[in-house]
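Which chain is which? The protein sequence lines are A and B, in order. Just so you know, we're using this note's numbering here: the first sequence kicks off at 337 and counts up by one. Just so you know, we're using this note's numbering here: the second sequence kicks off at 386 and counts up by one.
Just so you know, the hints here were simulated from the structure itself, not pulled from any lab data. All of these numbers come straight from a predicted model, not from anything done at the bench. Think of the CB as a built atom: it goes at the ideal place given N, C-alpha and C, for glycine as much as any other residue. Treat the hints with caution; some may be incorrect.
A few chain B residues facing chain A, derived, Cβ under 8 angstroms [what the hints assert, rightly or not]:
#1 Ser-424
#2 Val-428
#3 Asp-432
#4 Leu-484
#5 Met-507
Covered stretches of chain B, as calculated for chain A (at least 3 residues, CB under 8 angstroms) [stated by the list, open to error]:
#6 390 to 403
#7 486 to 493
#8 513 to 526
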Amino acid sequence: MRKITIDPITRLEGHGKIEIFLDEEGEVNRAYFQIPELRGFEKFCEGRPAEEMPRITPRICGVCPTAHHLCATKALDDLFKVEPTPTAKKIRELMNCAFQAEDHIFHFFFLGGPDFVIGPEAPAAERNILGIVAKLGKETGLKVIEVRKRLREVIEMIGGKAIHPVCGLPGGVSKPVTEEERKRFIETAEYSVEFSRWALELFDNTVLKNKEYLDLVTGDIYKHRTYYMGMVDENNKLNFYDGDLRVVDPNGKELVKFKGRDYLDHIREHVEPWTYVRFSYLKDVGWKGFVDGEESGVFRVNSLPRLNVADGMATPLAQEAYEKMYAALGGKPVHNTLAFHWARLIETLYASERMLELARDPELTSPNIRNIPTETPKEGVGVIEAPRGTLFHHYKTDEKGIITEANLIVATQNNSACMCMDIEKAAKSLIHKGNVPEGILNMVEMAFRAYDPCHGCATHSLPGRVALEVDVHDFRGDIVKKLKTE
Amino acid sequence: MKTLILGIGNTILTDDGVGIRVAQKIKEKKPDLEVIEASETGVALLDYVVGYDKLIIIDSIKTGNGEPGELYKLNLKDLRASTNLFSSHGIDIATAFELGQGLGYEMPKHISIYGVETKNTMTLGERCTEEIEEKLLSIVKQIMEEEKL
Chain A
337 MRKITIDPIT RLEGHGKIEI FLDEEGEVNR AYFQIPELRG FEKFCEGRPA
387 EEMPRITPRI CGVCPTAHHL CATKALDDLF KVEPTPTAKK IRELMNCAFQ
437 AEDHIFHFFF LGGPDFVIGP EAPAAERNIL GIVAKLGKET GLKVIEVRKR
487 LREVIEMIGG KAIHPVCGLP GGVSKPVTEE ERKRFIETAE YSVEFSRWAL
537 ELFDNTVLKN KEYLDLVTGD IYKHRTYYMG MVDENNKLNF YDGDLRVVDP
587 NGKELVKFKG RDYLDHIREH VEPWTYVRFS YLKDVGWKGF VDGEESGVFR
637 VNSLPRLNVA DGMATPLAQE AYEKMYAALG GKPVHNTLAF HWARLIETLY
687 ASERMLELAR DPELTSPNIR NIPTETPKEG VGVIEAPRGT LFHHYKTDEK
737 GIITEANLIV ATQNNSACMC MDIEKAAKSL IHKGNVPEGI LNMVEMAFRA
787 YDPCHGCATH SLPGRVALEV DVHDFRGDIV KKLKTE
Chain B
386 MKTLILGIGN TILTDDGVGI RVAQKIKEKK PDLEVIEASE TGVALLDYVV
436 GYDKLIIIDS IKTGNGEPGE LYKLNLKDLR ASTNLFSSHG IDIATAFELG
486 QGLGYEMPKH ISIYGVETKN TMTLGERCTE EIEEKLLSIV KQIMEEEKL
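The shape of chain A in the complex, shown without the other chains (with noise of 0.2 angstroms):
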């Protein structure tokens, strides 16, 4: 047996790849990046009962599955055309809270977050959550690992396992929730509404206090004037589970309000050929390239999107936290990218608020769990606001109920034009006349982190990270500098 010791970069080519090309002048002509594709997706569904796409899809990606799992189900309620009983709808909508709240929570002191708490500037190796527990203490990464924990577990009591859920049936979910649990998860709602306000405090403190932070928040760097999508509920606040979607303008008029079923009247995907990355755009609107503006159909999901895209939160603590932000920032949309913390944070108190509204709900322990689907399934749509933005399954079946066709819009393909357009902003900002800074890696990064892109499944095998390369490329096209993280 070999013993050896890895190469990060040896088994993640092609992973994570940024490429520059500049003109003759040495200034930057395009910029784009470069994700493995996952293959053979369709084929993989075709064939199998409808009923194994909550148990499959969330293993398409390890990071959002519980947002797969109920976006899964949804299209299943849509395609066997039976509507889940209140009480199915409530568990599975406090399940997608404890998501929501876990992974904004998980992205901001692990990954978003050390930029701002360490320092944009400070070394790569300490920016990270052992570097912020450095900084804040030992009490606070106590802190972190121990919501994290609590919301986790209460994924895991609904879903059956935390990683891979089990729970969702057309028509409703697998079993109700007990008195006990309905206790544990009103502990855990009231810790981690306690822990985002204190956590909303911290950013207040380390970065809007910081004028060299907030200038990077609002500066022109990560701004592009975008359209933007999300769910809201029936008073046009946010909502992460139920609802219509809301599509609003660069100046936050709206645009367009469809049920998730109809997405392919409004979506639509540009292909280039230089990647794999379909590119999501909004088709009444159409397709401008990689540029912004009101005449782009360029889009963008997420946190700030979806606040964007809301007339405010439905919870009391959220919306002040909402109001706060847009009157700090000049009132709405914002189109700063790194925004997308702020909003996390809005967020993640929303999500742990309306948490709390339904394991108080007395409906939510209702034996009256499922409706039992009797319809002929044909073809169903399903859509949820998963962490990283707007997430849509697309199934066609026969009469039997076995799947003939299966689309999936993630999010990260919703975003991936603005990434571009993110990435190339940042490179033409520092790169002039052939001079390529060190420093672009992290900026780059920084717009990346900001949307936390979902790249497959690339991150499963060890190291268990993905590195990011940035080539330059000189106007022949020869390789003039190769960047990478270490």
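With chain A held as given, fit chain B onto it using these hints.
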């Protein structure tokens, strides 16, 4: 000594699931062993491993230099390639351990990490590629001998 075997991977991504497949086969041979399957290697590790004396991790790996199905034994410090968290998905095993130790959790004192060289981890499929399927039992045997299970 309280031992935990952790199979890591994705069983619908062809060879990515080899760590789980091997862990399952070890469990079949020794049903008394504690075996857990996981799809992530990051901070969630802390949820599983706290309180164990020994941890055996089995995962897929792509060095690009080996034969599919070749088994490697790795040290935790070898995995400490970076603490730079570009990954949108999590933190590496080494960081998770350092965090756990730093926060005062009772982390396993003995850790063995095995990586099985993969051929295809980008195509959806519930079986490993043939080269690896053929070697599964031999991989199981090598690990059980090395760990004296």
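Checklist line | Violating hint indices (sorted, rising) | finding: 8
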